[in-house]
Amino acid sequence: MKPVLLRCLSLCLLLTACTHPPPQTPPRADVPAQWQAGPQPAGERLDAWWQAFADPQLAPLIARARRNNPDLGAALARVEQARAQAQVATGNRWPTLQAGFNGNHERLLHGPGYSGIDTYRDDRRLDVFSLGLAASYEVDFWGGVAARARSGLATWQASAFDRDTLELTLLASVAASYLDLSAVQARAALAQRNLDNAEQVLVLVSTRQTAGAASPLELAQQRGLVARQRQQLESLRQDETNARLALATLLGEPVERLRLAAGDFARLQVPETGVGLPSELLARRPDVARAEARLAAAQADVQVARSLMLPRLTLKANLAVGADHLADLFANRYYDLAGALLAPIFNGGALRAGYRASQARQQELLENYRKALLDAFADVDRALNDSSGLDRQLHWQAQALDQAQQAFALAETRYRAGADTLLTLLDAQRSLYQAQDDAITLRLQRLKASVALFKALGGGWEAGKIR
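Under mature numbering (1 follows the signal peptide of the UniProt record, and there is no 0), residues -19 to -1, 1 to 448 are what the sequence shown spells out, in order.
Keep in mind that the hints were calculated from the coordinates and are not lab data. For each residue, glycine too, the CB sits at the ideal point set by N, CA and C. Every clue listed holds true.
Cβ-Cβ distance ranges computed for the label pairs, FRET-style:
| id | residue 1 | residue 2 | range |
| --- | --- | --- | --- |
| 1 | Gly329 | Leu258 | 48 to 58 Å |
| 2 | Thr71 | Ala40 | 35 to 45 Å |
| 3 | Ala115 | Gly329 | 28 to 38 Å |
All chains should be built: construct the whole structure from the sequences, respecting the hints.
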């Protein structure tokens, strides 16, 4: 009996080893030879990329977001869930062993009922005790159990990469939101200065109108300009409040806790970023790693679904002792060995439909993986294009601002001297205000383009790390 059992076990193990397919790899990526903007400086570590903006308030905000953001906390909890599920799936690959103790007491009573138990003149008591071990193991002929474990591991990895992707997006959003707040504060300060300047011109026009040197129309025009400046200032104050609310939400804190000193937007530095080669990008993007892990899980799920359509062999063994009296518990020993072979015969096509569904899911995630690759390269190209384009715009905008300042100074001088009408001065005022506001807006866009580039490059993330 024992040689036969050993032969069966050996055959099961041999079949298990032979039927496990080799692990599948994701499709080869079509990597461009260079970026659309041309060759770029060598890549560099971006672990603390926010420090490149040279703003002392930004790093503490990043730390607070990492610590308090509820979305990031929920993502970490999902990672722990996936980790536990992966451990469950891995544990199913091993035999299960259970210990049990049973005690049973029976008493047969006299009575006029069923005669089968009414056969003794005295009451009869029966005690049964048993103690044993029970083991069971599903022989993984078709690799379904191992595939389920691989799927659980890949799902855990995908969850961890999803958390990393969320963190990268969060930190970029915090930086961009802080830049928005700093820029709107600068625009509000500029609007206040322009309002003060417009009110000074209003005093001049009012004085000239009293002296008969200016018409009531000119006075009304300047009053209208002052009113528009006040309206713009109120709009910017509203935007500043909204920017504070948005930043506080990202930090996971009430807005009352957001106490920031007035920053100097003009002193923010535009970082110089080493981009490196396109071939280096895929190992730096957590979203690409997430798509790859999800695809690996789907590939394993296809094998799991296939194995469900095939026979399953389960081996069981029990070793126990038993007796009528607890003192004699170890006097009687017994064991039993059993094997069960179950094969699906009819299930209404449910198993085959599940197999087809897993194949379709695999194809879906394959397309998602291809899209993640395309998005990764496009994100970097887009950020590089925005950065270079905004640099050129800032060059010409600086010249436009310089000319607007000169034009306003000349128009004011000529108006005071009576050489020009108020309309010329008003046009110069509007051009100057718009040029000054455009300078802040363009600089904000350029700084946010740097944030987008840091994010597109992975923000210092490295492949192979699971938190």
